[in-house]
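Combine both chains into one complex, guided by the hints.
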Amino acid sequence: AQSVTQPDIHITVSEGASLELRCNYSYGATPYLFWYVQSPGQGLQLLLKYFSGDTLVQGIKGFEAEFKRSQSSFNLRKPSVHWSDAAEYFCAVGFLSGGYQKVTFGTGTKLQVIP
Amino acid sequence: GAGVSQSPRYKVAKRGQDVALRCDPISGHVSLFWYQQALGQGPEFLTYFQNEAQLDKSGLPSDRFFAERPEGSVSTLKIQRTQQEDSAVYLCASSLAGSYNEQFFGPGTRLTVL
Numbered sequence: 001a002q003s004v005t006q007p008d009i010h011i012t013v014s015e016g017a018s019l020e021l022r023c024n025y026s027y028g029a030t031p032y033l034f035w036y037v038q039s040p041g042q043g044l045q046l047l048l049k050y051f052s053g054d055t056l057v058q059g060i061k062g063f064e065a066e067f068k069r070s071q072s073s074f075n076l077r078k079p080s081v082h083w084s085d086a087a088e089y090f091c092a093v094g095f096l097s098g099g100y101q102k103v104t105f106g107t108g109t110k111l112q113v114i115p
Numbered sequence: 001g002a003g004v005s006q007s008p009r010y011k012v013a014k015r016g017q018d019v020a021l022r023c024d025p026i027s028g029h030v031s032l033f034w035y036q037q038a039l040g041q042g043p044e045f046l047t048y049f050q051n052e053a054q055l056d057k058s059g060l061p062s063d064r065f066f067a068e069r070p071e072g073s074v075s076t077l078k079i080q081r082t083q084q085e086d087s088a089v090y091l092c093a094s095s096l097a098g099s100y101n102e103q104f105f106g107p108g109t110r111l112t113v114l
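Line order of the protein sequences matches chains Z and U.
Take the first sequence: its letters are residues 1 to 115, numbered as in our numbering.
Take the second sequence: its letters are residues 1 to 114, numbered as in our numbering.
Bound-form chain U, shown alone (with noise of 0.2 Å):
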């Protein structure tokens, strides 16, 4: 089946619009989670949801960072009010439940804030 994707690849936000950053994970997998990707760096954690319910956002870097997934499907990664600083890569990775299986990550969208 298909893998994790993601929307958009490319986003350009001037400083001080917002954004909205879409996650479809693979079907059937319980757990979701977001990390951010800064040049030449390695993924952070931002958040993890167990289907609807957010269980961990103390990766999120401020409270203009908001994550969603109401259905326990789709997940949106939205940030108001971006920041020079908030450009990078944002990954989304989803996996099956349970602690020892693999996350599978989708390609990214790569934020430019002008």
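Just chain Z, same shape as in the assembly (with noise of 0.2 Å):
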């Protein structure tokens, strides 16, 4: 079975500062890779998703993540960090199950942005 894990529960940055958000998944085949974001009281958004082809993947709003095969990772990184940016964010891992994406989503880390 696929699963995800997000080892940071929490992470605080300074503003400007920059970001890297850690995931692990665990599935046999090639994965399909996604990050979401999740501000309070707000449905999820994608950030960026990885299908196949270039491994470093661009998304929204300055984000962007890099898939390691070899590490079974899928890291979300930003430059600088600004305030906007608080919010949960979650990693997910998708499959094809009878002609659509089943996905198992991680627990989350919560981000907090300080001045």
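Per label pair, the in silico range of CB-to-CB distance:
hint : chain 1 : residue 1 : chain 2 : residue 2 : range
1    : U       : G40       : Z       : G98       : 26 to 36 Å
2    : U       : G98       : Z       : T30       : 11 to 21 Å
3    : Z       : K61       : U       : R81       : 41 to 51 Å
Derived from the structure by calculation, the hints contain no laboratory data.
We put the beta carbon where it would ideally sit given N, CA and C, even for glycine.
As structure tokens, then:
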């Protein structure tokens, strides 16, 4: 069965500092990988996704992630964090099941940004 | 156009009551998903519809949970005889047909069972 581990429950960074959120997955084949962001009272918004091809993926809001098969990782990065980036971030892995994406989410990393 | 909407946004139920949670997907989206998000956890898959057909209900935690999408658009998740462990945020997502399409999420319904 597929699974996702986000080892950091909570991270605090200063505004303007760089950010890296860690994600490790377990899946037997090439995975479909996602990062979502969830602000309080809001639904999940897709930041970026990896299906195949270039292992460095660019997303919205200045985020990027790199797929490293040898490490089973898909870490999310941003060079300079803004106060508005404070939210909860979920890594997810998907696989095809009967023609649709069945997605498993990690437990999330809550990002706090301090001025 | 409008995104995925869910109602009510908040629901408080006494243990043993039945509840119904509604999801209005994005118009034209064939696929519809329900997820349960417990406090401090990531969303967990409950069930999947393709149009009106419920193709996967493997994530429904018990036979007290029932979902339907009779006309292939609006969906309702019903929980009978609610228990305290049912307290969670219930998220609905929809997508276009096909395996590679993004799921768009609604804001969720926060259910509290007292």
